[in-house]
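Student: The sequence shown: position 83 = 83 (the UniProt record's numbering), numbered continuously.
All clues given are correct.
Restraint-style ranges between C-beta atoms, simulated for each label pair: (1) Ser155 - Pro73: 31 to 37 Å; (2) Gly56 - Ala151: 37 to 43 Å; (3) Phe99 - Thr11: 38 to 44 Å; (4) Arg60 - Asp97: 17 to 23 Å; (5) Pro15 - Ala82: 16 to 22 Å; (6) Glu30 - Ala151: 42 to 48 Å; (7) Ser134 - Pro73: 30 to 36 Å; (8) Gly56 - Pro7: 39 to 45 Å; (9) Ile4 - Glu65: 38 to 44 Å.
Hints were generated in silico from the structure; no laboratory data involved. Ideal Cβ positions, reconstructed from N, Cα and C, are used throughout, including at glycine.
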Amino acid sequence: MSDIRPPRNVTRTLPARKRIALVAHDGKKEELLEWAGHWRETLAEHSLIGSGTTAGRVSRTLGLEVEGLMSGPLGGDQQIGARIAEQRLDLLIFFWDPFAPQPHDPDVKALLRLAALWNIPVACNPASADFLISSPWLGQAYEMTIPDAGAWVSSRTG
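Please model the entire structure based on the sequences and the hints provided.
Tutor: Here it is, written out as structure tokens:
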């Protein structure tokens, strides 16, 4: 039986202008807005995507263009996960609430699993988001390795 892990031996280059997803559970939306306000000028240099009301609030409050997806419980987490799998997302800023049970916890776990699988940088709180957004790699191309999905599929069907 072949290994269930695809080898991580394909190179992907993240562009200098990153595609950044902004996601926050209800109890963390204000915290994300405050954080995004602090980093507004930096975020304005990149392409922003957001789930549900988070996208709308960031756009209205900070005057930033944010592509809005569905709310997390309505499929927004899965839409972001699909972008990760399609290599159309470069960073995930996801302020999740560890104190509030979420009806869509399985979707949240699936999103974080995809981010780990596809080697996507993830920040889950203001401190980790500060480190991520202030990285010297943010404004330049960054080469990384990702799974060789094609080879993995071929090995499982052969």
